[in-house]
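Peer 1: 0 is the number of the first residue of the sequence shown in numbering that gives the first Met the number 0; add one for each residue after it.
Calculated from the structure, these hints are not laboratory results. Note that the Cβ used here is the ideal one computed from N, Cα and C, for glycine as well. What you were told as hints is all true, and nothing was included just to trick you.
Simulated restraints, written as ranges between beta carbons of each label pair:
1. M59 x G164: 20 to 28 Å
2. T64 x G229: 54 to 62 Å
3. G242 x T169: 56 to 64 Å
4. N6 x A50: 47 to 55 Å
5. G9 x T175: 33 to 41 Å
Okay, derived cross-link-like pairs now, DSS-like style, lysine-lysine, Cα gap no bigger than 25 Å in a straight line:
6. K191 x K267
7. K246 x K207
8. K121 x K155
9. K155 x K207
10. K155 x K267
11. K121 x K150
12. K207 x K191
13. K207 x K267
14. K10 x K90
15. K155 x K191
16. K246 x K267
17. K142 x K121
18. K207 x K241
19. K121 x K191
20. K142 x K62
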Amino acid sequence: MLQRRYNPEGKSRLNIVPGLLAVILTMTMVMMTALAVTRERERGTMENLLAMPVRPLEVMIGKITPYIAIGAVQVTVILLVSWLLFGVGVKGSFMLFCLGTALFITAHELTVSKVEGSGPGKVQSYGGITCLYGCTSTTSLIKEGTAVTVKQTPAKHFHFAAWSGDCAGTGACELTMGEDHEVSASFEEDPKFALDLIKSGSGQGIVKSHPSGVLCGYACHTLTASFYEGEEVLLEVSAIGKGSAFKGWSGGGCSGTGTCAVTMSEAKSIEAEFR
Numbered sequence: 000m001l002q003r004r005y006n007p008e009g010k011s012r013l014n015i016v017p018g019l020l021a022v023i024l025t026m027t028m029v030m031m032t033a034l035a036v037t038r039e040r041e042r043g044t045m046e047n048l049l050a051m052p053v054r055p056l057e058v059m060i061g062k063i064t065p066y067i068a069i070g071a072v073q074v075t076v077i078l079l080v081s082w083l084l085f086g087v088g089v090k091g092s093f094m095l096f097c098l099g100t101a102l103f104i105t106a107h108e109l110t111v112s113k114v115e116g117s118g119p120g121k122v123q124s125y126g127g128i129t130c131l132y133g134c135t136s137t138t139s140l141i142k143e144g145t146a147v148t149v150k151q152t153p154a155k156h157f158h159f160a161a162w163s164g165d166c167a168g169t170g171a172c173e174l175t176m177g178e179d180h181e182v183s184a185s186f187e188e189d190p191k192f193a194l195d196l197i198k199s200g201s202g203q204g205i206v207k208s209h210p211s212g213v214l215c216g217y218a219c220h221t222l223t224a225s226f227y228e229g230e231e232v233l234l235e236v237s238a239i240g241k242g243s244a245f246k247g248w249s250g251g252g253c254s255g256t257g258t259c260a261v262t263m264s265e266a267k268s269i270e271a272e273f274r
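Generate coordinates for the entire structure from the input sequences, incorporating the hints supplied.
Peer 2: Below you can see the structure in the form of structure tokens.
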């Protein structure tokens, strides 16, 4: 038989009031503290603070002390309101309760970035920290003990190469915030293959491709374009010269006179014959 040791009568105020306290403390003592530190980094003033004749720990204490004081005031107000209006008091050690609220200020830095010279891609993780395609690095504070999964999304025609820093390889990057962590992602461009177009015969015509890359006019006889691995290229005759006729495709698995569809798994050579 299942028995509830906390709030056995199921009174909603005994669940909502403590939960509201946790939400308010999270917003003030974790999120606002994280924003204060992140703002210094974004403005480029964190280096100036660290260059001052004070230790980094003293700088951090100076940044978080106001929020600790605000949190203490909030705790006091919430406890008074919960006792006076809802009849929800504190049982047990009040000192232990105060120490428990201090856990909301215990957080660590998580920095996600992209390796210098890396291709475009998106790196993001728990807590809304996101480094978009044009971003190189971003930092956020995350609560002590939080399990974090950092994810990557390469841009089109790029692929994820590897993690570096506190993660390695190409698998999932999973961290537990027991200390500061820094993770970098590397993106590389997909390989390309050459597509050679050869126009043969005595006739004239214009051949173009989709996606763009091939546009061989009347005076063109040969043309080479590069396309990404796995990309499907459609070749078509867009115009035929006066007195000429298109006889068909050959090479690269194409034949007939319709559209030539080629998947770039290797270098290919396509011939278009006009007479």
